[in-house]
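Those protein sequence lines, which keep their order, are chains A and B. Be aware that the first sequence starts at 1, since it is given in this note's numbering, and climbs by one per residue. Be aware that the second sequence starts at 1, since it is given in this note's numbering, and climbs by one per residue.
Please keep in mind that the hints were generated in silico from the structure rather than gathered at the bench. There may be inaccurate statements among the hints.
Unchecked claim - So, partial list: chain B residues that the calculated Cβ filter (under 10 Å) puts toward chain A:
id, residue
1, Tyr72
2, His117
3, Val251
4, Gly322
5, Arg326
6, Ser355
7, Asp427
Stated by the list, open to error - Simulated restraints, written as ranges between beta carbons of each label pair:
id, chain 1, residue 1, chain 2, residue 2, range
8, B, Gly306, A, Lys27, 47 to 55 Å
9, B, Gly306, A, His75, 18 to 26 Å
10, B, Val377, A, Gln25, 54 to 62 Å
11, A, Cys23, B, Leu49, 52 to 60 Å
12, B, Phe321, A, His51, 29 to 37 Å
13, A, His51, B, Leu222, 17 to 25 Å
14, A, His51, B, Val377, 29 to 37 Å
15, B, Leu212, A, Val12, 49 to 57 Å
16, B, Val377, A, Ala73, 45 to 53 Å
17, B, Pro196, A, Gln25, 53 to 61 Å
All residues carry an ideal CB built from backbone N, CA and C; glycine is no exception.
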Amino acid sequence: MRRSPQTLTFLVLAGMLFALAACAQLKALPNLPATHPEALATGPVSCSECHEDQQKGTMKAFAAFNHSAAFIANHRFYASSDDTLCASCHKVSFCADCHTNQTEMKPSVKNGNRPDRAMPHRGDFLTLHKIEGKLDPASCNRCHGRANNERCIVCHR
Amino acid sequence: MKKAFCRLLPALFLVALPSAALAEVSVDSTTVLRAFQESRPGFEKSTFLPATQFLGVEATKLGGGNLSAHLYGWGRADLADKSFNDDQLNGSLTYGYLQYRFNAANAQARAGRFFVHEGIINEQVDGVSARTDLPYGFGVSAFGGATVHTAHLLDEKSDGKGDGIFGGRANYRYGGLLELGLSGVYETKAPVLSDPALAGRFGDRRLIGADLWFSPYRMVQLMGHTSYNTETRGVAENSFLLQLKPLKDLVLSGEYNEYHDRDLFYSSVLFAGMPSMLSGNNLNQQSRNFGGKASYTVNQKVEISGDAKHYTREIGKADRFGGELRCNLADAQLRTGLGYHYLRASSDFAIVPSSTASGSFHEMRVYAMRDTKSYQVSLDVIDYLFKKEVTGKDSALEVLGSLGFHFSPDLTLSGDLSYGSNPQNIDELKGLVRLTYSTTIAGKGDPK
Chain A
1 MRRSPQTLTF LVLAGMLFAL AACAQLKALP NLPATHPEAL ATGPVSCSEC HEDQQKGTMK
61 AFAAFNHSAA FIANHRFYAS SDDTLCASCH KVSFCADCHT NQTEMKPSVK NGNRPDRAMP
121 HRGDFLTLHK IEGKLDPASC NRCHGRANNE RCIVCHR
Chain B
1 MKKAFCRLLP ALFLVALPSA ALAEVSVDST TVLRAFQESR PGFEKSTFLP ATQFLGVEAT
61 KLGGGNLSAH LYGWGRADLA DKSFNDDQLN GSLTYGYLQY RFNAANAQAR AGRFFVHEGI
121 INEQVDGVSA RTDLPYGFGV SAFGGATVHT AHLLDEKSDG KGDGIFGGRA NYRYGGLLEL
181 GLSGVYETKA PVLSDPALAG RFGDRRLIGA DLWFSPYRMV QLMGHTSYNT ETRGVAENSF
241 LLQLKPLKDL VLSGEYNEYH DRDLFYSSVL FAGMPSMLSG NNLNQQSRNF GGKASYTVNQ
301 KVEISGDAKH YTREIGKADR FGGELRCNLA DAQLRTGLGY HYLRASSDFA IVPSSTASGS
361 FHEMRVYAMR DTKSYQVSLD VIDYLFKKEV TGKDSALEVL GSLGFHFSPD LTLSGDLSYG
421 SNPQNIDELK GLVRLTYSTT IAGKGDPK
């Protein structure tokens, strides 16, 4: 279906007007703080200890982000849509302790003085991975899928 | 494009330098010196002494307050035998980017090397990205640039990645009740690899997907995502998590994951090329697992959790169950924990499958650490007990002790000593010295 030049002009103008109106509205939308305004206690935190559950605008309830064992085990579901909120408290290097492209050493070796932190591949994982890899290769693929870690490609050619 | 970017990135940081003097700068430095020996049948005995420097720098409040620079990477020098590849020196820039945060709508733009975690997208990119919330609950993000290449595959002149990549995510949020997201990633044509066995199993990285977060009541959350491989025309992954919070300190969660190996591993040479345990290829091999976890927190000091998971693959089935106890005592100066898990797996999952082999093992772990203003000390013991011996060993034990001194709140010198006895090595003794320097920034959580 061909549209007349007048219709196209109208559509473009309407689109620009909508974009301008949207931009004007953007200024009214709330911003998360770049950093958490107060020092946090060491160890896993419960956001709901201080924050009220009902949030402004479209924010999710802070209680959803309490760092329980279940949250830590399933944090990928939260990080994929709320990494801006994660960044309020965590430096990116905190994530990069485990999630990185070129791995120099096991995270649990670099942080061997922090047994309290959840870290993958503790102990003799060199032996274990031959079982775990068959059991759930998708979980390996998330981090190692395209990294071609030099230790991996020695055997996995 | 890559060369241009490599020149552009340092230039971007140079531009930011004049205002860096006025910025808040945080430095995280960890220097690790390891020492270990390897003696394997058929190989000469080797002594390794790799020194690795991890360095992270963050400069915020640059140029009027909205600009920040983020840098993290590592470099290694082998002081004795070469440790991992042909190079005595090695290093990697994990990320290095400039970020501009706008004053509203969580809008931000990045330029440099960064990670993208949006919906089904998990990528490391040399390029630019931008995101913003939009009116009426909508949001949008986009990125584009060059892929970050890694080590070449053996007998290939490539790492299996295309050179360019772009993608993005659009989402809609309704109050604190619902979020729906659509995301996709498109990588330029993957290189042709010489291995004929990869034909039909390896190709371009092009995925689209959807994600969901739904919380009809405060105590209920349903999350999940589905990804679809447009090259293989098949669903790669379905993952869902249901979380219930019937009591303030009790969390119950259930998860369901389904994977289609060919569709999921299609752009990963390493995984696409792995032979299946069944038929010599992994085409259309499916995996499913589902499980649950319950965790209960007592007085914010003690957390007890239990979990169970069932795995189904074409080669067999397996179950894992167990529990953990974690304690944060004396204002978190004393942290302890213990855990037990058992994997019940058929002989098909054994390291060398046979009618007499088993993939089952017990996992036991206990740890304790004390971290005061002046010192830190920790002990971590982890032991795997195999149901059937693995190369003549019925267990894999590792004991790791660490002792460190805080010279100041920012500077810590620590040393680790670990002993292991496992199927790889009869005895394994490793030493490590670690010097950590970290500026304390009150606004950033968990600087330690």
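We went through each hint and held it up to the structure:
A least Cβ separation of about 5 Å between Tyr72 (chain B) and chain A falls short of the 10 Å threshold, and the interface hint therefore holds. For His117 (chain B), the interface hint holds, the least distance from its beta-carbon to any beta-carbon of chain A being 5 Å, beneath 10 Å. At its closest, the beta carbon of Val251 (chain B) sits 4 Å from a beta carbon of chain A; the interface hint therefore holds under the 10 Å criterion. Proximity of Gly322 (chain B) to chain A is violated relative to the hint, the smallest CB-CB distance being about 12 Å (cut-off 10 Å).
Residue-level restraint check for Arg326 (chain B) holds (minimum Cβ-Cβ distance to chain A is 7 Å; threshold 10 Å). Given hint, Ser355 (chain B) at the interface with chain A, is violated; its Cβ is 17 Å from that chain's nearest Cβ, farther than 10 Å. For Asp427 (chain B), the interface hint is violated, since its Cβ never comes within 10 Å of a Cβ in chain A; the closest pair sits about 13 Å apart. Remark: the range hint 47 to 55 Å for Gly306 (chain B) to Lys27 (chain A) is upheld by a beta-carbon distance near 48 Å.
Between Gly306 (chain B) and His75 (chain A), the C-beta spacing of about 19 Å keeps the proposed range 18 to 26 Å intact. Between Val377 (chain B) and Gln25 (chain A) the beta carbon distance is about 55 Å. The supplied range of 54 to 62 Å therefore holds. For the pair Cys23 (chain A) and Leu49 (chain B), the supplied restraint of 52 to 60 Å holds, since their beta-carbon distance comes to about 58 Å. The hinted range of 29 to 37 Å is satisfied by Phe321 (chain B) and His51 (chain A), whose Cβ atoms lie roughly 34 Å apart.
At about 22 Å, the CB distance of His51 (chain A) to Leu222 (chain B) agrees with the hint of 17 to 25 Å. Separation of His51 (chain A) from Val377 (chain B) is about 34 Å and conforms to the stated range, judged on CB atoms against 29 to 37 Å. Judged by the Cβ atoms, the range 49 to 57 Å given for Leu212 (chain B) and Val12 (chain A) is violated: they are separated by roughly 35 Å. Distance hint check for Val377 (chain B) and Ala73 (chain A): the Cβ-Cβ separation is about 28 Å, which falls outside the suggested range of 45 to 53 Å.
Under the hint 53 to 61 Å, the C-beta atoms of Pro196 (chain B) and Gln25 (chain A), about 56 Å apart, fit the expected range.
Consistency note: the structure conflicts with the earlier hints numbered 4, 6, 7, 15, 16.
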